[in-house]
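Asker: Assemble the whole structure, with the sequences as input and the hints as a guide.
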Amino acid sequence: MPAEPSKTSDSDLLRAVARGDEAALAACYDRYRLILFGLILRILNDRAEAEDVLQETFLQVWRRANDYDENRGRAFTWLVTIARSRALDRLRSQGSRERIATEAAAEPRDLIGDASAETLRSEEGATVRRALVELPEEQRRALLLAYFEGLTQTEIATRLGIPLGTVKTRVRSGTIKLRELLRD
Amino acid sequence: MVHEDYKEMLAPHALDALDTTDARAFEDHLSGCGECRAELGDWRDTAALLAHAATPATPPDELRARILSAAKQTTAASARVVPMPPALLKIAAAVAFVALIGGVIWLWRRDVKSRQEIARLTREITTQQRELARSRDALAHQRDLVALLGSANAKKMELTGTAAAQKARGTFVFDQQTGSAMLMTDALPAAPAGMAYELWFIPKGHLPMAGKVFSVDASGRATVSDLMPPEAREKAVIAITLEPKHGSAQPTGAIYLSSSS
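One line per chain: the protein sequences are R and Z, in this order. My numbering puts the first sequence at residues 1 to 184. My numbering puts the second sequence at residues 1 to 261.
Keep in mind the hints are simulated off the structure, nothing from the lab. Some clues are possibly wrong.
[Stated by the list, open to error] Derived pair list, reagent style SDA-like, types lysine to any residue, alpha-carbon separation capped at 20 Å:
| # | chain 1 | residue 1 | chain 2 | residue 2 |
| --- | --- | --- | --- | --- |
| 1 | R | K177 | Z | G41 |
| 2 | Z | K90 | R | N66 |
| 3 | R | K177 | Z | E8 |
| 4 | Z | K7 | R | G73 |
| 5 | R | K177 | Z | D42 |
| 6 | Z | K7 | R | R179 |
| 7 | Z | K72 | Z | D61 |
| 8 | Z | K7 | R | G165 |
[Said to hold, decoys possible] Here's a subset of chain Z near chain R, in silico, CB distances under 7 Å, partners left out:
| # | residue |
| --- | --- |
| 9 | D45 |
| 10 | L50 |
| 11 | A51 |
| 12 | H52 |
Quick caveat, the model's predicted, so the values are computed rather than measured. Cβ coordinates follow ideal geometry from the N, Cα and C atoms, glycine included.
Answerer: Shown next as structure tokens:
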């Protein structure tokens with residue numbers, strides 16, 4: 001019984017989805033469509049493709065909600081991970097076909113953000129964006145390249161023309177700082 | 001690589017940014033390292049937060065309906081694995097557990113019973129072997145006795161109980177020619193621990209001559225074969241005394257049975 005969708009916790013929502021509760025799936029969609037669509041769109045930079053991937057994502061959630069184990073991480077992480085992998089898979093299958101003009105990882109516009117869109121998303125989103133702005137530029141760049149373009153550390157090194165060791169340090173320090181900031 | 005090297009891989013692993021070789025090595029390490037496994041969730045949660053760096057975007061309204069109707073046509077996770085309410089699942093688990101314990105106890109008991117049965121049968125076999133040996137001995141004694149009694153030179157003496165064993169009786173048969181002799185007792189009291197009966201031949205004018213040392217069964221019976229010394233064959237007193245269990249060279253204990261002359 002998915003009570004008031006807004007009050008149900010993410011984990012409870014996913015448990016209801018796992019039981020085959022269609023209303024729970026709808027509630028899950030309503031809660032996450034903005035962030036997931038934003039994430040997918042950022043990776044693919046193509047609305048039609050992004051809509052497709054968003055649908056694939058929620059169908060996977062519908063079929064595989066059983067796999068979610070709240071002891072191993074947040075529901076948010078589970079959902080976002082599915083959306084990101086699906087989007088990155090789609091990106092790779094496109095191959096070098098008209099490689100997206102704008103580099104997904106380099107969009108300072110997002111970080112500065114426009115306040116009206118911000119209100120749609122949680123406090124958590126605002127905290128993360130603030131945290132990212134506080135990170136040294138080169139660390140942020142490395143993290144965003146890994147996250148939105150799915151690049152490995154070696155690929156990042158090649159892209160930026162810097163030593164692999166430097167990339168490793170940046171990725172590691174950046175993630176640690178993000179983690180610390182979020183713990184406060 | 002050491003544990004510390006792998007710990008440094010937690011962050012890039014959570015971002016899927018490890019190169020293939022490192023990723024494989026890390027997965028291997030992870031399967032055996034509880035500490036890294038425990039930390040991984042935390043790092044993944046951190047990495048997932050990067051999704052907030054993307055500007056939220058609104059998908060077209062009709063997508064919601066499209067997704068929900070596609071879901072309706074797709075088998076939900078739960079339809080494939082018949083769902084059990086958590087309470088029922090717990091009961092089922094409890095029942096299975098109790099059944100398992102029951103099974104273990106049953107097997108254990110069966111094992112104990114089998115072992116008890118084997119022990120019992122072993123004891124029975126030992127007892128029967130002992131009885132068989134006793135019967136064989138008895139048969140041999142009877143054969144000896146028959147042979148002895150069949151001899152033309154056989155002589156028989158009756159032994160009577162003394163004050164120490166008034167109910168006891170005995171028969172002593174011997175061949176005057178060969179000296180082969182047999183003693184049969186009845187109703188001799190069981191010898192105390194560490195003690196045994198000893199047969200004595202006491203020829204007239206001689207010191208007692210030691211014969212066999214023996215014990216009796218529950219009814220005080222014993223059948224003892226011996227060889228009589230030549231000195232005793234003409235005329236002697238036959239006596240039974242209680243002695244230390246390995247016997248004595250000369251009688252030390254009380255007389256229990258003796259012939260009249």
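Asker: K177/R and G41/Z: Cα distance at most 20 Å?
Answerer: 17 Å, holds
Asker: With 7 Å as the cut and Cβ atoms as the points, is L50/Z at the interface with chain R?
Answerer: 4 Å, holds
Asker: Please check whether D45/Z passes as an interface residue: C-beta within 7 Å of a C-beta belonging to chain R.
Answerer: It holds, given that the least Cβ distance between D45/Z and chain R is near 5 Å, below 7 Å.
Asker: Going straight from one Cα to the other, do K7/Z and R179/R come out at no more than 20 Å?
Answerer: Since the Cα atoms of K7/Z and R179/R sit roughly 15 Å apart, the hinted pair holds (cutoff 20 Å).
Asker: Closer than 7 Å between Cβ atoms is the bar; does H52/Z clear it against chain R? Give me holds or violated.
Answerer: 4 Å, holds
Asker: Within a Cα-Cα threshold of 20 Å, do K90/Z and N66/R meet the stated pairing?
Answerer: Holds: K90/Z and N66/R sit about 17 Å apart, inside 20 Å.
Asker: Mind checking the alpha carbons of K177/R and E8/Z for me, to see if they're no more than 20 Å apart?
Answerer: Status holds; Cα separation ~14 Å.
Asker: Is K72/Z within 20 Å of D61/Z, Cα to Cα?
Answerer: Answer holds: K72/Z to D61/Z is near 18 Å, not above 20 Å.
Asker: With the threshold set at 20 Å, check whether the alpha-carbon distance from K7/Z to G165/R stays at or below it.
Answerer: Given pair K7/Z, G165/R holds - Cα atoms ~16 Å apart, limit 20 Å.
Asker: Taking only the CA atoms, is the gap from K177/R to D42/Z under or equal to 20 Å?
Answerer: Within the cut-off at roughly 13 Å; holds.
Asker: Would the stated hint for A51/Z survive a check requiring a Cβ distance to chain R of less than 7 Å?
Answerer: Because about 4 Å separates A51/Z from the closest Cβ in chain R, which is inside the 7 Å limit, the hint holds.
Asker: Taking 20 Å as the top limit, are the C-alpha atoms of K7/Z and G73/R close enough?
Answerer: It holds: about 18 Å lies between the C-alpha atoms, which stays within 20 Å.
Checked against the numbered hints given earlier, this structure breaks none of them.
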